[in-house]
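Asker: Single-letter residue listing:
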Amino acid sequence: MTDILDGFTAAFYLLIGLDSDLIEISLRSLHVSLTALLFACAIAFPLGTYLAVQRFRHRRTVISVLNALMGLPPVVVGLIVYVFLSRSGPLGVLGLLFTPTAMIIAQVIIITPLIASITHQAMRDLWADYHDLLISLNATKRQRIATLIIDGRRNLLTAALAGFGRAIGEVGAIMIVGGNIDHATRVLTTAIALETGKGDFALALGLGFVLIALALLVNLSIHWLSRTESDGLW
Amino acid sequence: MLPLRVTGAMVRRRGKTLLGPIDLELAGTGLTVVIGPNGSGKTTLLRVMHGIERLTAGQIAWAVPMAEARQRQAYVFQQPTMLRRSVADNLAFPLRLSGQPQAQARETAAEWACRIGLGDALDRPALRLSGGERQKLALARALIRSPKVLFLDEPCANLDGRATRDIEALLVEVRDTGTRIVLATHDMGQARRLATEGVFLRSGQVWESGTTLLTAPQTPELAAFLKGDIVL
Ligand SMILES: Nc1ncnc2c1ncn2[C@@H]1O[C@H](COP(=O)(O)OP(=O)(O)O)[C@@H](O)[C@H]1O
Ligand SMILES: [Mg+2]
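Respectively, the protein sequence lines represent chains S and E.
Just so we're aligned: 16 in our numbering is position 16 of the first sequence, and the numbers increase by one with no gaps anywhere.
Just so we're aligned: 37 in our numbering is position 37 of the second sequence, and the numbers increase by one with no gaps anywhere.
Simulated from the structure, these hints should not be mistaken for laboratory data.
Treat the numbers as computed from the prediction; the structure is a model and nothing was measured.
Glycine included, each C-beta is placed from N, C-alpha and C at the ideal position.
A few of these clues could be false.
Some chain S residues judged to face chain E by a derived CB distance under 10 Å, without partners named [stated by the list, open to error]:
no., residue
1, His31
2, Phe98
3, Thr99
4, Thr101
5, Gln121
6, Leu126
7, Asp132
8, Leu133
9, Leu134
10, Ile135
11, Leu137
12, Ala139
13, Thr140
14, Ile150
15, Gly152
16, Arg154
Pulled from the structure, derived: some chain E residues nowhere near chain S, Cβ distances all over 12 Å [what the hints assert, rightly or not]:
no., residue
17, Thr56
18, Ala57
19, Leu83
20, Asp89
21, Thr164
22, Thr215
Please take these sequences and the hints and turn them into a complete structure.
Answerer: Encoded structure:
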């Protein structure tokens, strides 16, 4: 029990003392997950919107695949990315294994289906609502998509936040492809796993607090966004 | 761009004929009411004329190329779509689509908002408006590009007398300044107040049409319908 109390106290001092390890790890976590989020959104927003607006032959199949990909276990994604990036793998020459770039790639693969799926659902509802008006006003295809993205921006933000929440708390994949190397690929989740294993509760808890704070922030934002949505604002 | 010629237009969905075959011509000036029992095809006919309903057979032709005709007509849906934007941005939306600069579009939007009594609601979310205010907003949004032809699908269903009177006043004004109007309605009082001619639909067919439709019905079905009897 005292161990834990000591841990809390030490974690508190690490936090208010702006411990350099803690800051470095937190910043790297943010860097990796935000970069992954940026790429994932760049793929998922247009993809999800396109799937909502455009009818084509295998649309239903693509949507099913997307929903199935959402359930991919991160560890398996990590394993596959590892195989591709390992020295003997097809992308081995790039030398990306055990770098933040490898972690970003893994996270992009994990969160893109999630963001695309939420985007698709929201855009499908909005399109059903706007369809007749946009057709009647003779809007071009580009104008239709632009209108949906502008008016659905809150839904897109919600999708992005959900993706970020998943990325920042993810440990399985980035542990495998990043290797949890000190001062190179160590991030919040992998460091917590390591420090807990070593019995250094102070740093683990300090990192844990940062992670919880980030997760809370994300979830509160999503809650707030979806509440203003149902309020009949936009 | 008038006349509009509808020839042999037919709409079938899942093996059922919803409309047609229909032949009619829309020309001159004035306001045509489309009347008929529920499910007789009023909405479908309006959508066909507006060019947003896929035809199974037949065609529609304006006196100008289709692309130009599409730009110069507007449609007010029975349940008007409110964009998740402010009243001002809803009004300005069609102008923005046609490439007008923001400032100019907003100015025109503000003028229209005043005309429909929403002058002090410019920044309110359109989704917060009442049913009557929504219909007026939808009407103003349809008129803001000064269309040559305007279609309205039961614009006053579920509205109180005051909102109905405001909308009818605006329609009369627009009609008398040369906009060709086609109005579907089940309110015979409204039809009498506004119409210069009419079309009576029954099971997807034009049963009777003309300028004396409401005053001198030629068929027993229309006479019964105008009397308020149940006609299927
Ligand atoms: N997309 C559709 N698929 C199948 N039936 C439809 C569709 N749209 C309308 N209908 C049917 O077509 C008929 C005519 O509808 P509508 O034009 O809305 O009539 P009205 O506006 O006069 O009430 C109705 O029987 C309606 O149920
Ligand atoms: Mg109808």
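Asker: Give a verdict on every hint.
Answerer: Results for each hint:
1. Checking His31 of chain S against chain E: minimum C-beta separation of about 34 Å lies over 10 Å; hint violated.
2. Here the hint on Phe98 of chain S is broken, as its CB sits about 46 Å from the closest CB of chain E, past 10 Å.
3. Look at Thr99 of chain S: its Cβ only gets to about 42 Å from chain E, farther than 10 Å, so that hint breaks.
4. A distance limit of 10 Å between C-beta atoms decides the matter here; for Thr101 of chain S the minimum to chain E is near 38 Å, and the interface restraint is violated.
5. For Gln121 of chain S, the shortest C-beta to C-beta distance to chain E is roughly 16 Å, which exceeds 10 Å, and the interface hint is violated.
6. A distance limit of 10 Å between C-beta atoms decides the matter here; for Leu126 of chain S the minimum to chain E is near 8 Å, and the interface restraint holds.
7. Evaluation of the Asp132 of chain S hint against chain E yields a held restraint, the C-beta minimum of about 6 Å falling below 10 Å.
8. Interface hint status for Leu133 of chain S: upheld, as the beta-carbon distance to the closest one in chain E is roughly 4 Å, under 10 Å.
9. Interface restraint check: Leu134 of chain S against chain E, minimum CB-CB distance 9 Å, threshold 10 Å, status holds.
10. Below 10 Å, beta-carbon pairs count as interface contacts, and Ile135 of chain S has one with chain E at about 5 Å; its hint therefore holds.
11. With a least beta-carbon distance of about 5 Å to chain E, the hint placing Leu137 of chain S at the interface is held under the 10 Å criterion.
12. Taking 10 Å as the C-beta cut-off, the interface hint given for Ala139 of chain S holds, the closest approach to chain E being about 5 Å.
13. Given hint, Thr140 of chain S at the interface with chain E, holds; its Cβ is 8 Å from that chain's nearest Cβ, closer than 10 Å.
14. The beta carbon of Ile150 of chain S comes within 9 Å of a beta carbon in chain E, closer than 10 Å, and the hint placing it at the interface holds.
15. Satisfaction of the interface hint for Gly152 of chain S is found here, the shortest Cβ-Cβ separation to chain E being roughly 8 Å, below the 10 Å cut-off.
16. Annotation: interface hint on Arg154 of chain S holds; nearest CB of chain E at approximately 9 Å, less than 10 Å.
17. Consistency note on Thr56 of chain E: stated as away from chain S, and its beta-carbon is indeed over 12 Å from all of that chain's, at 19 Å minimum.
18. The beta carbon of Ala57 of chain E is kept farther than 12 Å from every beta carbon of chain S, the shortest such distance being approximately 21 Å.
19. Here Leu83 of chain E does not stay apart from chain S, with its beta-carbon only about 6 Å from theirs, under the 12 Å limit.
20. With a least beta-carbon separation of about 10 Å from chain S, Asp89 of chain E fails to lie farther than 12 Å from that chain, contradicting its non-interface assignment.
21. Non-interface call for Thr164 of chain E relative to chain S: holds, since the shortest CB-CB distance, roughly 23 Å, exceeds 12 Å.
22. The Cβ of Thr215 of chain E sits about 33 Å from the closest Cβ of chain S, beyond the 12 Å cut-off, so the non-interface label holds.
Checked against the numbered hints given earlier, this structure breaks hints 1, 2, 3, 4, 5, 19 and 20; the rest are met.
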